[in-house]
Structure formats: structure tokens, C-alpha cells
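Use these hints to put chain S onto chain Y, whose structure you have.
The chain contents come next:
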Amino acid sequence: MFLIKLSLKNLMRHKRRTMITAAIIAWAIFFYITFDSFLLGMNDLVFQNIIDYEYGHVQVANSSYWEEKDELPLKNLMVNDEEINQKLTEIENYKAHAPQIDFQLRLSDGINETPVIGKGISPQETLDVLNYEDYIVEGEIFKAGERKAVIGKRLADIMKLELHDYVTLLTRTKSETFNTIDAEIGGIINTPNPTVNQNIVLLPLDVVQDTLSVDNMVTHYIVRLDDQNFDPQIVQKFNENLQVMNRNLGVYSWRDLDEVSITQAKQTGNNFILLIVLTIAAIGIINIVILAALERMEEIGMMKAMGLKEREIILSFVLESTGIGVLGGIFGCILGAISVYLFSLYGLDFAVFVDIDMSAFGVPLISKIYGAWNPDAFINMFLFAVFGSMLASILPARWAAKKDPVQAIYKR
Amino acid sequence: MSLLELKNVKKIYHQGTINVPALKGVELNVEKGEFTTVFGPSGSGKTTLLNVIGCLDKPTEGEIYFTGDNIADLDKRYLAEIRRKNIGFVFQSYNLIPVLTAYENVEFAIRILKNISSKEIKNRVFKMLELVGLKGLENRKPNELSGGQKQRVAIARSLVKKPKLVLADEPTANLDSKTGEEVLKIMLEMNEELKTTFLFSTHDPLVMDYARRKIELKDGQITRDERREEKDVFN
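Order-wise, the sequence lines are chains Y and S.
Following numbering that gives the first Met the number 0, the numbering of the first sequence begins with 0 at its first residue and continues without gaps.
Following numbering that gives the first Met the number 0, the numbering of the second sequence begins with 0 at its first residue and continues without gaps.
Hints may be right or wrong, so weigh each one.
[What the hints assert, rightly or not] For each label pair, taking beta carbons as the anchor points, the in silico distance ranges come out as:
1. 337(Y) with 161(S): 54 to 60 Å
2. 172(S) with 294(Y): 37 to 43 Å
3. 74(S) with 386(Y): 30 to 36 Å
4. 12(Y) with 18(S): 38 to 44 Å
[Stated by the list, open to error] Result set (EDC-like, lysine to aspartate or glutamate): computed pairs, CA atoms no more than 20 Å apart in a straight line:
5. 401(Y) with 103(S)
6. 75(S) with 311(Y)
7. 140(S) with 294(Y)
8. 8(Y) with 137(S)
9. 84(S) with 294(Y)
10. 84(S) with 311(Y)
11. 75(S) with 297(Y)
12. 9(S) with 72(S)
13. 75(S) with 294(Y)
14. 4(Y) with 103(S)
15. 161(S) with 72(S)
Hints listed in this document are in silico derivations from the structure and should not be mistaken for laboratory results.
All figures in this text were calculated on a predicted structure; none of them were measured in a lab.
Glycine residues also receive a C-beta, built at the ideal position from the N, C-alpha and C atoms.
The shape of chain Y in the complex, shown without the other chains (with noise of 0.2 Å):
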């Protein structure tokens, strides 16, 4: 007990050094935290948009066709009958469902082209599984059977089309034979998803699938759940649902995307980063408890002549960088907790900072970001600060304990 007070006055000894290094350790932690909120708050908007703009919860296809799904080939397609319809309704969660052909595409306005990603798709359905609906900012979604295509925003601009121009979409059928799609542009969207909004063109399903002479099969089926966050045993138990239909097909869920590996990826990356960060904050911790032994040499020294063992010493060091951790991690924290509340109420607009699309670096983002709340962060980083302290003071205060007392009491 008596280590404990003498540690927490020397805590106080040099009260300016102590919140120096204690602001060293609050500044890693709340930049920690707070970068830590916008990877998160990144995330969910990466996940969210990809969910709500492209994928849905839960994509079915043909086990095989999903293992070369970005060459957006026309093989290994699924029928869309009554059997399968019923049969994803049964997953659990069900919320609905919508069949879809995506395939190669190349949109031309008669002067200049681009490739894109088509995708065909049942109007009434695909509304109800993705956010399409609120971002049609001009025209409104096709009908079935209608020659018309809704492109995204970016993609317009590119290609300096306008509301009701045709365009000549052209691509290759199911036999490897060329055909053409003349289509009114019947509609523009700009949603949160830069992909969307500058690489795809949506047609009704029909028309594709006759485009593409695939009768009435889709590439895959997207289906919305109730909750984002569903317990991935849902896929897996539907996964051995769909199998008794022995059609070969396959349940994956959004959790499964590159993009979602490849997000969290770059998360460890950044904590990396961060890690060095609160490496330097172990050093300035090393600093002060060198500093401190070397100016308390003479009272170590009387310590030892008293009879103090060397691991009281250093538990008396050890307590008194604790403490300094202590009073940065909850510093830290608090302005971490200051930091992701404003950040989560206020968000940031990337688009004002970096004037780029973050498409193309894999982060299907153009929206404002908002920080997200992560408990974990805040204890961990606590944690770190606190135990990060005691271990980095250990050495230096062991180095400090084993000086020889006459030595020590006598400077020498």
C-alpha cells in the first residue's frame, strides 16, 4: 500500500512531464479510436452500399457458374421456375427475392463506346431486394418487356446522355453470336455506390433473356433478409436445403464478397499502423521512467540502504508508469468517446477531402461517412494503454533497481 502512495505522489513530482507523456498516450489512443470509428463507420457504409445497391443479404446460382461469375459468362445458368421461387421463400428471415442476369455489355451512342456490366432484371422484384427505387433521380424504372434501360449518373455524364436518347447496347448471346439491344434510356440513378452508378446498365429480364437467347434461365437469384446481421448458419442450413433440388446450386452470402475481405484487409493494415503509433508512446514511457531513476538515483540508493528488495523498487516504478497509463487512457478515451460521438452525429464528406473516386481502389463509397461506436476499441486501447505502460517501464526500472547502492546514494 505504502508503494501504491509513493508512486502516486511521484506520479505528481513533475505534474508537467507526467501529462506530457500522459497526453502522448491520450493522443495514440484517440487517434486509435477515432480512426478506428472511421474504418468502421467505412465499412458499414462499404457493406451497406454493396448490400443495398448490388448484392443483397444472400445470392443463389449454379455452384459452378459462381466459381467464374466475374467473366460474367452465360453457361452454367439456373432455370427461374415456380420451384426455386417457392423455394427461396422458405430461408429463414425470407424478406424477398429477385432473379437477375448479369453479362457483358458494351454501351455505344453511336460515337463513342464503353463496356459495362448489364444486368437484367424483373422490375417490380429487384426493387423490392435493392434500394433502386429513391435514386432514380430522372425518368422512373422500366416495365417489363419495355425497350428501355436505366443507367447511372456518372455513366450519363461520361457518355453525355441524357433522359429518352437511345443507346446501342451491344453484346454477345448464350451461342457466341453478336446481337444488339436498341434501348430508350428510360431512367438515371445516382445512388450511394459509385460501381452502380458508372458500370452498369439495367434492362427488363425478358428483354435480356431474349437478347440473349437463355429462354427463361438467370444467372443467379438476390434475396433480401429481414436483418443485415443474420446468423450465418441461415446459409449454411439453406445451403443443404437447396440441395435436395439437385441442381448443383450454391448459397453465398455478402459476408463472403472479396470486397469485404479485401475492406477488412486494409483494417489490419491500418492497425498496423496505429500499433506503431502507440509504439512511440511506449518510448516516451521508457523516457520518463530512465529520466525519473536517473534523477532519483540518491533516493534509490537510500531506498536499497533501507532494505528495500529490487522488485519493490521496480514495482514502485512500475505503479508509478501504470499511473501514467491509467491517466492517458482515460484521457484518450474520453476524447475518443468526444471524437466518434461528433463523428457519428456529424459524419465526414470524404468527397470535400480527396476529390477521387474510391471506386477504383475497391471501396465502392461516395457518400459521407459517419463514425461507428466500437466498445472493443475503447477497452482494448485502455487495456493497452494501462498494461503498454507497466510493461514498458519493467526494464528501465529493473536497470534502476539493480545500481548498486553505494553508488546509487553516492552518484558515483
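Frame of chain Y; chain S shown alone:
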């Protein structure tokens, strides 16, 4: 049995390739309750002798019996244990902890001992501070005390754990002669009242006159060992 017995104690410091002998075969007996000074010029080996006796340093050669046990070859952990329980120190520069009050500085020495109740600690610390004339100054920090008062705190700290031996290395060197004399008187009073053995070094003739036994050290060897009757001390 003597409290302390030194047999042919030698201490050699190694400075690079040069060997510097600080003690050259010291033979010494100190009885319980003695008030002894070790005097001599600078570099005569006074501090080294006190350090070796106080278990702060080990002799290069020889035997040191403290309460009958040879402590010369003990491990530093055991030496720390002996210091903790049996030896009090008073240093020239007081070596008080600046963030602690006078009370807490004295308390520190007894807190590190086990099996003493808080009440007992409080009584002993207050009593000790009263004995050294610091009643009412318990809550002052070292920077609020004069040099003499600081040294009194150091004396109280060395005595509060009731050690068998108090070693004081030039306890009056940083004090003016009047204050130094006061400090010496307090040490002598403590010696008489508590029967604690005192061994202190000095090169101040005024201070050494207070000792009942004077040991002169020259070039690491005892050259004179005089005892005085108790009645002569204050003359």
C-alpha cells in the same frame, strides 16, 4: 558477544587496471549500546568502512560478524534483509523523499517491515518525531524544513524500526556548527534513551568530541582507538 566484529577486513577498488586499497586489514569490535565515531582525513576509508559494516558493500577479504553471524559473504538479498531489520542509516545529504512529508518519510522505514499494526506504526512514528524535536512539523515536506530538521527526520527514520545499529556517514557535514551540534546531541540522547548502537564518521573535531569512543582511520587502517568515560562526554 560483540554486536559487531571485523576481522582483517580489506576492501580493494578496481579502477581499470589499478587496484586502490580502501581498507587494509581492519580489526574492530563494537559492543551493543556504543556511541562511536570513526574519524580521519578524506580518503582514509571512513565511508568504505561504514558501507561494508552496513551491508551496502562487500569486503574483498576478511570476516564481518554481526550479532555473531558472518555476513561478509552473504548474498545481496540476505544483506538487504539485514539492513531492513537491523540497520538504520543517516546520510550526509539526508536522502529524504521530497514528495513525502516528514511523517511519511519516517513511516516508510517501518512500513516495509512486516507484522506491525498501523496503530503501532502511527504511535512509533509520532513518538520518534517527538523525540527528535519535530513535534508539530509532521506534515511538512523536506523542502519546508531546515537542514537540521531534515537530518532529524533522517535520524527518526533510521531509529523508528528499532535497529540494532545506526550508521551515520558525516551526519553534520552539511550543517552549520550549531545545528550540527544539536543533531549530535539528539543522536546521543537516542543512544542513551533507546540503547541503540551508533557508529558515525566525521572529520569535524567538534563533532567527534561527543563520541564515547573515537576510532581514527588513516590510509585504510585503524591508527587509534580511544574510549572515554560517560561523564566526560559533555565536558
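Between the beta carbons of residue 74(S) and residue 386(Y), is the distance compatible with 30 to 36 Å? holds (32 Å)
Restraint check for residue 84(S) with residue 311(Y), where alpha carbons must lie at most 20 Å apart: holds (16 Å)
Do the beta carbons of residue 337(Y) and residue 161(S) sit within 54 to 60 Å of each other? holds (55 Å)
Quick one: are residue 12(Y) and residue 18(S) within 38 to 44 Å, going by C-beta? Hint holds: Cβ distance 41 Å, inside 38 to 44 Å.
Within 20 Å, alpha carbon to alpha carbon, are residue 75(S) and residue 297(Y)? Roughly 19 Å separates the two Cα atoms, so the pair holds.
Given the hinted pair residue 84(S) and residue 294(Y), is their Cα-Cα distance within 20 Å? violated (27 Å)
Keeping to a limit of 20 Å between CA atoms, is the pair of residue 140(S) and residue 294(Y) held or broken? holds (18 Å)
When you check the alpha-carbon spacing of residue 401(Y) and residue 103(S), does it fall within 20 Å? Violated - the C-alpha atoms of residue 103(S) and residue 401(Y) are around 25 Å apart, more than 20 Å.
Would you check the hint for residue 8(Y) and residue 137(S), treating anything up to 20 Å between C-alpha atoms as holding? holds (17 Å)
Just to be careful, I want the Cα atoms of residue 161(S) and residue 72(S) compared with a cutoff of 20 Å; is the pair within it? violated (25 Å)
Is it true that the CA of residue 75(S) sits at most 20 Å from the CA of residue 311(Y)? holds (14 Å)
Is 37 to 43 Å respected by the C-beta to C-beta distance linking residue 172(S) and residue 294(Y)? violated (22 Å)
Hint check: violations occur at hints 2, 5, 9, 13, 15; the rest are consistent with the structure.
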